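Turn these sequences into a full structure, and let the hints steer you where they fit.
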Amino acid sequence: MSSGPGTEFRFGVNEISPEADWPERAREAERLGYDVLGTTDHLGLSAPFPSLVAAAAVTTRLEVATYLTNASLWDDEVLAREIAGTDRLTGGRLSVGLHAGWTGSAATAALTPQDKRDRLAETVDVLDRLLTDPGHLPRPVSTPRPRLMIGVGEPEDLDLAASRADTVVFIGASLPPGGDLVLLGPDEFAAQVNTVRQRAAELGRSPELNVGVKKVIVTDDRKAAAEALRPAFAPHLTANQLLDLPTLFIGTHEEIAEQVRSGYDRYGLTSYMVLSAHLYDFAPVIPLLRKG
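If you want my numbering, it's the 1-based position in the sequence shown plus 490.
Everything labelled a hint here was simulated from the structure, so no lab data went into it. Hints may contain errors.
What the hints assert, rightly or not - FRET-style restraints, in silico, Cβ to Cβ:
hint	residue 1	residue 2	range
1	ASP670	SER595	14 to 22 Å
2	GLU717	ARG578	43 to 51 Å
3	SER696	PRO725	19 to 27 Å
4	SER696	PRO777	22 to 30 Å
5	GLN688	ARG521	37 to 45 Å
6	ALA680	LEU627	28 to 36 Å
7	ARG551	ASP608	22 to 30 Å
8	ALA600	SER752	38 to 46 Å
9	GLU748	GLY523	13 to 21 Å
10	ARG517	ALA600	38 to 46 Å
11	LEU627	LEU522	33 to 41 Å
12	PRO628	ASP677	44 to 52 Å
13	LYS713	PRO628	48 to 56 Å
14	GLN688	PRO603	18 to 26 Å
Note that this is a predicted model, so its numbers are computed, not measured. All C-beta atoms, glycine included, are put in the ideal place defined by N, C-alpha and C.
Have a look at this one:
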């Protein structure tokens, strides 16, 4: 597999500020050439679905996405209503990302990791049933339903994503109980991608493969930047390993563009989501990767 001029990449920005000016952020994302504006689903942050409606209202091309919805926080039928209504209000530009959830509320505190994975699988089943049912109201505009994204961080997440997702979102990190986010090393990340691709192929499926980018560092000294980042961000990895990860973009804009191409050649990744803090840092890379 080689990323020639015909490879189509999609780039998104994930807004995580609880006080974001959504119309302004959406206008800037569209102006800069991003394809998707996303929002996460954590208590204490902006309510995801109203935020996406506000973003779509001031743009014409920009897709919007929940990146990612915590399935454990929602009643499935309520979630189906929110998705269908938001899809209608955004003119069919909604993608729905789902995840088993690392954080929650008092109501979900007693759930084990397996409980959350079971809830996620149940949510996928219910949403597929309700959102494709002609009798369910409100009806989504998208057919047969909005794009479904499933986030994977642990090996136990891979089979569901491979078999059900339109887009598999590789978080590229795990969250041990009571600990901080731990980046997966290059070999671990490759193993997850290979498992998903093999399982999907067995089922005759070819989902879009997306990764959440944790940092974008524009520099002319990649090695020094990786070494400076390593102690606080990934002390278990070497600087060379950090430079080999698709979850970190480090280098000049041209070098970052080459990272994107390498991510396709090695993993089949065609979709990336950067954090809103890096909206302007990453934007100059986008035209370097557009066809023509």
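Outcome of the hint check:
no. : hint                        : result
1   : ASP670 - SER595: 14 to 22 Å : 21 Å, holds
2   : GLU717 - ARG578: 43 to 51 Å : 49 Å, holds
3   : SER696 - PRO725: 19 to 27 Å : 37 Å, violated
4   : SER696 - PRO777: 22 to 30 Å : 27 Å, holds
5   : GLN688 - ARG521: 37 to 45 Å : 40 Å, holds
6   : ALA680 - LEU627: 28 to 36 Å : 44 Å, violated
7   : ARG551 - ASP608: 22 to 30 Å : 38 Å, violated
8   : ALA600 - SER752: 38 to 46 Å : 43 Å, holds
9   : GLU748 - GLY523: 13 to 21 Å : 18 Å, holds
10  : ARG517 - ALA600: 38 to 46 Å : 42 Å, holds
11  : LEU627 - LEU522: 33 to 41 Å : 37 Å, holds
12  : PRO628 - ASP677: 44 to 52 Å : 45 Å, holds
13  : LYS713 - PRO628: 48 to 56 Å : 53 Å, holds
14  : GLN688 - PRO603: 18 to 26 Å : 24 Å, holds
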